[in-house]
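S.K.: These are the residues of each chain, in order.
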Amino acid sequence: MRAPSIFSFGFAYYLLLALFLYLPIVLLIIFSFNDSTLLVFPFKGFTLKWYQSLSNARELLDAVRNSILVGLFSSFVAVIFGTMAALAIARFNFPGRSFFLAISSLPLVIPYVVLGVAMLLLFAQVGVELSLFTVAAAHTVINIPYVMLIVAARLAGFEQNLEEAAMDLGATYWGMLMRVTLPISAPALIAAFLSSFTTSFDEFALAFFLTGTDNTLPVYLYSQLRFPNRLPLVVTLAAIIMLVSVILIVFSEWLRRVGTKDVPRTS
Amino acid sequence: MSEFAVELRNVFKTFSAPNSAAQDVYAVREINLAIHAGEFFTLLGPSGCGKTTTLRLIAGFEQPTKGEVLIQTRSMNGVPPYRRPVNTVFQNYALFPHLTVAENVGFGLSVKGVSKEEKAKRVQAALDLVELPQAGNRKPNQLSGGQQQRVALARAIVNQPAVLLLDEPLGALDLKLRKNMQLELKHMQEMLKLTFIYVTHDQEEALTMSDRIAVMNAGNILQVGAPMEIYEKPATRFVADFIGETNFLNARVEEVGAEVTGLQVADARVTLPHQNEFLARDAQVTLTIRPEKISLARPETFSAQDAHISFQGVVRETVYIGTDTRYLIALPTNETLVARIQNIAGHRPGEFATGDAVVVWCEQGDVRVLTT
Chain S
1 MRAPSIFSFG FAYYLLLALF LYLPIVLLII FSFNDSTLLV FPFKGFTLKW YQSLSNAREL
61 LDAVRNSILV GLFSSFVAVI FGTMAALAIA RFNFPGRSFF LAISSLPLVI PYVVLGVAML
121 LLFAQVGVEL SLFTVAAAHT VINIPYVMLI VAARLAGFEQ NLEEAAMDLG ATYWGMLMRV
181 TLPISAPALI AAFLSSFTTS FDEFALAFFL TGTDNTLPVY LYSQLRFPNR LPLVVTLAAI
241 IMLVSVILIV FSEWLRRVGT KDVPRTS
Chain U
1 MSEFAVELRN VFKTFSAPNS AAQDVYAVRE INLAIHAGEF FTLLGPSGCG KTTTLRLIAG
61 FEQPTKGEVL IQTRSMNGVP PYRRPVNTVF QNYALFPHLT VAENVGFGLS VKGVSKEEKA
121 KRVQAALDLV ELPQAGNRKP NQLSGGQQQR VALARAIVNQ PAVLLLDEPL GALDLKLRKN
181 MQLELKHMQE MLKLTFIYVT HDQEEALTMS DRIAVMNAGN ILQVGAPMEI YEKPATRFVA
241 DFIGETNFLN ARVEEVGAEV TGLQVADARV TLPHQNEFLA RDAQVTLTIR PEKISLARPE
301 TFSAQDAHIS FQGVVRETVY IGTDTRYLIA LPTNETLVAR IQNIAGHRPG EFATGDAVVV
361 WCEQGDVRVL TT
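Chains as they are written, first to last, in our numbering: chain S, 1 to 267; chain U, 1 to 372.
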């Protein structure tokens, strides 16, 4: 393949695309240092006061904490169920396997607004009060397919022989899982966990429908957009979250690849 | 009756077809084997003959559709691999990539809960045995193919299994290394007095290492015997053809006497002592003779002797291979025979030239009569 020239049409298109995607984000980050409550040019002055006042914004920090809790909980549960589903799909040939795979992947294609309304109705019927738990439940549902697909891909990549070898040497199915399958799949599991956490942390639609008195961060931010003098705080927080998300995703992707390198593939 | 280490009684294994319309596939059928303790027993056959399936049935990775697998006289039906006193060396080694060599070798001991000191001692002893004493802290992907294979062997042996199963373990090694490992494995087996069940498609490997060989094809066992018996007295045409080089001649039974059979072969009449078969008159059979058992002579100096059979023929081709000369002889019926004459005193290379008329002869005992 020829290396694309700097002046080619392809490169120009790529540059435009990158600008379109990331310019708003970069602007936000720039404005978080701006000494003004209005998001306009020209800049008034460089300041760190918005970052400083973050520590006093009680409601804002509570929302952050709630989002973290919901993210951790839903990711943890999703990893457990998603891994179990992945083991079933990748290692067993059972009747209804294709159907199971389709059903488990369904949340990927359902619009979150539709899912949110449906779950709201369900909880109302069953009499469950809206709270962070209902949000976490919804986030678990949408995260399970991601986990299942990431882990199943990993399991398919390494040989079944390793598991037979473990059983041959005396490990029961559970022993084989604990000593061979899960340790080798660990990078994929962690990557799936981080990916789920990021999805949950950023998720708005489901949280909007299913949150009770405690807000998650996206819902709180949305509610603050009406107050212009609060805007810089919001922008500052957004900048921080952006950075953390990027770091998490990069780390997660690196982890996902690390595991695939030293495992023998089926020849 | 001595105790058998492994027994297979009337074992069948079918795999269900992927769609209901197609027939179920017989991987192996009517397998009956009795393997003695301390024996080096080989399952030999071409790809797809069922030898690996048979091994997996003994290991416990498959359960028989019909019949019984017994290890040390205990039935293994329904018993999973982790409760059988066997260990397997896999064709692609199947070493755990996330563990060091020492942790790999000690895996079986860890699972059993052996103490750390005991485990370290036994692991080191196993590594010494396979001549990899320093490899303990390395990872499998840092080792060569031959070294990985030896780690796989150590990992199996350290558990002191009753039976060791080896699935074409030398297949991935180059020729020279393979030959060395064949001798090493044989020595190890004799020293440890373990029962080895070995799977291979390489007939030379099987002849070199085994106490007994079971030749398989298309899911069936064709013959079981010591290497010499398999080679000198093949039971079927397939066995004769698969092991070494063989000549085949068509023959018709003319007369069945008290001790001998008269056959019409290649325009000549031949008498052979009875072998194990009962032959009927006019039956069509196949004679097999190994090329190295055939001798050539000049028609003018040849004198037929008792207990020999001979044919007239013409030399079609001669090939010099260093240790032997290979002659392709055409018989009057246009069948051909290959003769291998060693280039030793009394037989100069090029003794017979293409086009020469020769007498092809061999001892009666070197001819086998096959009906299948």
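Please keep in mind that the hints were generated in silico from the structure rather than gathered at the bench.
Some hints here could point you the wrong way.
[Unchecked claim] Only part of the chain U face toward chain S is listed, based on derived beta-carbon distances under 8 angstroms: (1) Ala59; (2) Asn77; (3) Pro81; (4) Tyr82; (5) Phe90; (6) Ala94; (7) Pro97; (8) Lys112; (9) Ser115; (10) Asn159; (11) Phe352; (12) Ala353.
As the structure is a computational prediction, the values presented were derived from the model and not from experiment.
Glycine included, each C-beta is placed from N, C-alpha and C at the ideal position.
S.K.: Look at each hint and say if it fits the structure.
M.R.: Hints versus structure:
1. Ala59: With a closest approach of 6 angstroms, the alanine 59 of chain U hint holds.
2. Asn77: With Cβ-Cβ at 17 angstroms, over 8 angstroms, it is violated.
3. Pro81: holds (4 angstroms)
4. Tyr82: Holds. Min distance 5 angstroms.
5. Phe90: holds (6 angstroms)
6. Ala94: holds (4 angstroms)
7. Pro97: Since the shortest Cβ distance to chain S is 5 angstroms, the answer is holds.
8. Lys112: holds (6 angstroms)
9. Ser115: violated (16 angstroms)
10. Asn159: holds (7 angstroms)
11. Phe352: violated (48 angstroms)
12. Ala353: violated (50 angstroms)
This entry does not satisfy hints 2, 9, 11, 12, going by the numbered hints stated previously.
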